[in-house]
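Each chain, written out:
There are 2 protein chains.
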Amino acid sequence: MAQSRRVEVAERILSANELVAERVRAALDRAGVFSVNLTASPGAGKTSLVEQTVRGMSGRLRLAVVDGDLATSLDADRAAAAGAQALQVNTGGQCHLDAAMIEAALAQLDLAAIDLLLVENVGNLVCPASFVLGTHCSVLVASVPEGDDKPYKYPPAYRGVDVLILNKIDLLPYVDFRMDYFRRGVEILNSGLRTFAMSCRTGEGVEAWLEWLAAAAVDHRAARGAG
Amino acid sequence: MAQSRRVEVAERILSANELVAERVRAALDRAGVFSVNLTASPGAGKTSLVEQTVRGMSGRLRLAVVDGDLATSLDADRAAAAGAQALQVNTGGQCHLDAAMIEAALAQLDLAAIDLLLVENVGNLVCPASFVLGTHCSVLVASVPEGDDKPYKYPPAYRGVDVLILNKIDLLPYVDFRMDYFRRGVEILNSGLRTFAMSCRTGEGVEAWLEWLAAAAVDHRAARGAG
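Residue numbers (this note's numbering), protein chains in the order written: chain Z, 1 to 227; chain H, 228 to 454.
Worth flagging that the hints you see were computed from the coordinates, not collected in a lab.
Small disclaimer: the values here were computed from a predicted structure and weren't measured.
Backbone N, C-alpha and C fix where the C-beta goes; we use that ideal spot for every residue, glycine too.
One or more of the hints may lead you astray.
[Said to hold, decoys possible] Which residues of chain H face chain Z? A few of them, derived with a C-beta cut under 7 angstroms, are:
#, residue
1, E278
2, D296
3, G374
4, K377
[Claimed, not checked] Okay, the calculated bits of chain H under chain Z, using three or more residues with CB under 8 angstroms as the criterion:
#, region
5, 297–308
6, 342–352
7, 378–388
8, 396–404
[Stated by the list, open to error] Beyond 12 angstroms from chain Z on every Cβ pair, some chain H residues (computed):
#, residue
9, G272
10, R428
11, R448
Go ahead and model the full structure; you've got the sequences and the hints to work with.
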């Protein structure tokens with residue numbers, strides 16, 4: 001008896017986040033906004049990717065950024081400096097964003113004025129994988145200096161995503177990173193995963209990502225009849 | 228009423244881990260074993276530090292390693308290959324080690340045969356900071372390519388530790404890392420924090436850490452009268 005009651009509670013907690021995520025998705029769809037959930041280890045380069053994306057989309061698409069962090073508004077400041085409508089969510093120590101935080105953030109954004117929403121999750125390769133936000137596309141940012149064994153050691157982070165970005169490829173000559181071993185690990189967990197290799201620092205490889213993202217946002221808006 | 232009951236439960240959960248941590252500490256002290264909790268982002272170089280430490284302590288101190296990971300035994304395999312008594316703890320997806328996992332691991336180790344225990348926590352800069360393990364010394368491994376803003380963005384990880392290792396200094400020429408800005412962030416959170424800058428890849432700076440660690444272990448054993 002006690003055990004079955006415990007299972008019930010766990011299910012109710014999970015559904016609460018999923019319920020809010022459905023409302024977030026509906027609000028984004030009504031506005032014709034395509035949305036991306038960026039997850040990564042601390043320091044993989046999520047914020048640099050946001051900066052490159054905001055600058056690269058200038059004149060193509062209108063962007064907003066929601067930045068999740070334990071503390072400070074450093075990331076949102078960088079996104080705003082790059083030219084985006086930017087909002088900081090401080091989680092107060094919580095290790096992941098949840099759908100309720102995104103719903104609260106949306107209430108402060110002018111959704112009619114944007115085409116694309118980038119959500120930068122808390123830097124954490126474990127916990128964010130368990131919390132859907134209602135976004136359309138999950139993007140994992142990996143980076144070369146983290147090492148080629150990360151898919152094997154953090155399978156849930158790789159299993160659930162739609163796009164993989166391998167950042168900091170400019171450091172490949174200076175570290176021991178076996179590209180074949182890394183790709184094999186990714187393939188086992190997420191076969192055929194769309195992958196963009198790039199360096200946000202040098203700009204190499206960024207344009208292919210921008211083109212794919214812009215096309216995905218335009219397709220989404222067209223499918224919703226809001227374009 | 229409902230609210231005060233909720234607080235009570237939270238306190239009980241916290242105390243349960245701390246209670247087990249006290250038992251872990253007592254068992255280690257009885258055996259005269261000095262113990263270190265290594266925390267870091269994924270890919271900062273905890274396992275490389277363990278390898279360097281196991282090899283460097285050969286002939287000086289007898290070591291065991293407990294490796295925490297979501298999945299695989301890759302880290303324990305590397306520690307064993309370097310010559311340590313090594314035990315893998317798979318957390319089954321949990322984002323941190325807790326004291327009960329360490330207590331279970333100790334039951335499988337021959338404490339009388341070791342002087343030093345290295346615990347490699349799950350790669351996560353957020354959650355492990357909230358769970359004491361009963362170890363004597365908390366060591367945070369940061370790395371240069373993660374960026375100089377990490378103390379500002381992950382304050383709990385820096386605030387609670389006894390030693391900071393800044394790894395991958397061989398990459399300093401290839402990334403934008405302002406050492407002054409990094410050190411200022413650390414100083415605000417943890418004034419006077421003992422810091423070792425090194426590269427586990429090239430071996431630069433490792434010896435200073437080994438000397439400090441060996442002295443700490445010997446002092447601990449002498450203080451316990453077990454040496």
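Checked hints:
no.: 1; hint: E278; verdict: violated (13 angstroms)
no.: 2; hint: D296; verdict: holds (6 angstroms)
no.: 3; hint: G374; verdict: holds (5 angstroms)
no.: 4; hint: K377; verdict: holds (6 angstroms)
no.: 5; hint: 297–308; verdict: holds (count 5)
no.: 6; hint: 342–352; verdict: holds (count 4)
no.: 7; hint: 378–388; verdict: holds (count 5)
no.: 8; hint: 396–404; verdict: holds (count 5)
no.: 9; hint: G272; verdict: violated (8 angstroms)
no.: 10; hint: R428; verdict: violated (7 angstroms)
no.: 11; hint: R448; verdict: holds (33 angstroms)
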